[in-house]
Structure formats: structure tokens, C-alpha cells
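With the hints as your guide, set chains R and H onto chain E.
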Amino acid sequence: MHTAFSITTRGQGLYEFTREVAAWVDQTGVTDGVLTLFVRHTSCSLLIQENADPDVQVDLKAFFQRLVPPTTDPSMSYLIHTYEGPDDMPAHIKASVLPVSLSIPLVDGRLALGTWQGLYLFEHRDRPHQRQVVAKVLAG
Amino acid sequence: MHTAFSITTRGQGLYEFTREVAAWVDQTGVTDGVLTLFVRHTSCSLLIQENADPDVQVDLKAFFQRLVPPTTDPSMSYLIHTYEGPDDMPAHIKASVLPVSLSIPLVDGRLALGTWQGLYLFEHRDRPHQRQVVAKVLAG
Amino acid sequence: MHTAFSITTRGQGLYEFTREVAAWVDQTGVTDGVLTLFVRHTSCSLLIQENADPDVQVDLKAFFQRLVPPTTDPSMSYLIHTYEGPDDMPAHIKASVLPVSLSIPLVDGRLALGTWQGLYLFEHRDRPHQRQVVAKVLAG
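Protein chains in written order, with the working numbering: chain E, 946 to 1085; chain R, 946 to 1085; chain H, 946 to 1085.
Just chain E, with the same shape it has in the complex:
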């Protein structure tokens, strides 16, 4: 069983889609197995992080903006792949550091996510994008 989630982004930041994934896993009828999530892009990421306090998302975005500033920042002047603007190569770098795939056990009809774990698409580009995440459940 597989599907694809389409996620609309409006600039850098985290977009939660835990409910959509859990609802689809329910529909598959599979109670035990592994869910694989895979994002089909090189300038955004998947992330599992705290879903209780929205400040965590603000801080994550701020940290990664400092770790990999836009190429308008003099410290990043060594980067050469800048066709699509100052957020282009930094987005690829962030997409290397953060997950492109996630594997989540499915046990007794539920994803094994902890109480505070939410599923996010982490957008690294400034402009709006339509992002595709492929989901696959293997039973067993």
C-alpha cells in the first residue's frame, strides 16, 4: 500500500502533516509493519520534532538559518550554485543535513510515535512550493 501526500508550502519553516499520515495508515488496515516516508525533493526535508510548543518550530528555523545563511551573507560567498537566488544552495545543504526518508514502526494498529512527536515537512525555500511525500506501508 502506498500513497503520496502533497504539501503546499509558503516559505521556509515546518508544516505538520501527522494527522494526514495517521489517517491514511488507519485506512490501509495494516496493524503491524513499517511506514516509510520519502520526500521527492532536494531542497526540503522531513522531520520528526516536538508538536507541543510552536516555539520549537520558530527556534529550529532560526537555528538552521544561522547554520546555513543565505548566499547574500558574506560568510557564504564561497558557494557557486546560486542560479535560483540566495536561498538556493543553502536549501540543498539543509536538505543534506536533515532527513529525506523516515522509517516508523507500526505496532498494534498505531504508529510508534512518542507522545510529543509530530511529522513535519521542513521547507527550505522562500517561495511557495508544492511538495510530494511518498508513503509506503509494509506489513509484517
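Hints are computed from structural coordinates only; laboratory data are not their basis. Any given hint might turn out to be false.
Under the rule of at most 30 Å between Cα atoms (straight-line distance), these lysine-lysine pairs were calculated in the DSS-like manner [claimed, not checked]: (1) E/K1006 - R/K1006; (2) H/K1006 - E/K1006; (3) R/K1006 - H/K1006.
Relative to chain E, chains R and H alone:
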């Protein structure tokens, strides 16, 4: 087949549990498939790293402490999610950069780990914690 | 079904092996499932990144060289695991930040890679190495 490993941590650093995982995989009787490991928290990580020289673990801890210092460090004053102390938000950031899930092939009755690869729980919080890692084997 | 890819590296940088993987997946005859890739080393990584403009690979290498400079750089003098030279411990650190395993859905006979996604072995050591990547397909 699935189980959960409970790992007691006493502050930041790496806690190896390779043997426990290998012993459980043996018990399942599955000789070919994939082992999925998943940590149910947002302030610690899984990690596969060198298990020969303990200095590697010292250096890894030191690097990540410098990459993401506690919020008592002036350079981190921009972080706002600091309820639970100076190691709170840095722990979430480290847990974003390091793996939450791992997928390890099981071939001819053995995990495909290389000679020097050990499995670790990487704790990012200062206080003792009880951490849960869900393990699932799919045969095939 | 499983195999191992042997990849010869000649210093730090990215080595693409998308075609080899796609050809092997074709040979398995499996049309739906999940491909697991796992690198059996602690000083190189797997990476999915843009395969269109080679400058992306140049920039990725440059970024990670700056994030984790060799231990000849005074800023890294705190590292103690330096037996094998100035690229030794930095390689372990990069191998912690970048993926050791990847999970890619296989849908309708094709890997779910996006148009611009290539599969790479990211070598973090200076000297030539022979690297092993285990591949496993689970059908379902």
C-alpha cells in the same frame, strides 16, 4: 516481530546497545530482512558510529556541544523555547540533525553492520532519562 | 533480495551510483516495496542530492569542510581521536550528521526518486577507499 529497548541515560553522551539489539534479532529467528530502529523522543537520537576507540564518543559529544551550545551561551540568546533549562532547545536541535530512525539490512542471519559500527543512543539532555527505542524486524 | 555495491573513492567528495542501484532493483523483478541502502562504514555517508548541476556537489563538499575542518585547523584542536590524520575525526563527525541508511519506496516498478534526486556515496576521507553499501529490497 517487534520489541522496545529501554535505555537509562545519565547526562549527555553516547550509550551503546549493539549487543542487546543483535541478541534480540537472533531471538526472532529471522535470517533475512530489515531491522528498523525508532527513538520515541525529540531530545535524543540514534547513531551508528565507531565502537573501537572511546575517544570518538568524547569528540562527538564535544563537537555537538560546540555546534549547538546551551542557551546560557550568549551566541544562543535568540532561542525562545527554554522552559526546561539551557539544554532544552539545543537538545531538540541536535535531535533534528541526528537520526530518529535507522534501517539496517539483515542478511544470512546477521545485521549488516560493518566491523567498527556500533549502535548508540545519543542523549542530548543533562538530567537522567529513561529512553525508549522501538525495534521492528520485517522478514523478506 | 540483497546485494552489495562496492564504490571506489579517491578523496573527499560525492560519488554517484544511482544507475547501478536502479539497474539492480530492475533485476530483482520486484515492482512494489521498499529499498533499504546501508553504508558499512563510519567515515563516509549516503546522500540523496541534486544530480543536475555538478556545482551542487562542489558546494556540499565545501560547506562540510567548513562545518567540520580538519584537525590541523586551530578551531578543531579540542578533538583527541586523531590517530589516522587530520581528516580522521572530522570524517566520523560528518558521518554522524549525514545518513548511514536510506529507505526509498519502490512503486509500480520504479524507485520513487524525484526528477533531480541522485544517490551518492559521500566520502569524508582524503585517501582512496573501497566502500561497501548493502542494498535490500523488501516486496509488499
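Could you check the structure against the hints above and give me the numbers of any it violates, in ascending order? Those not satisfied: there are none.
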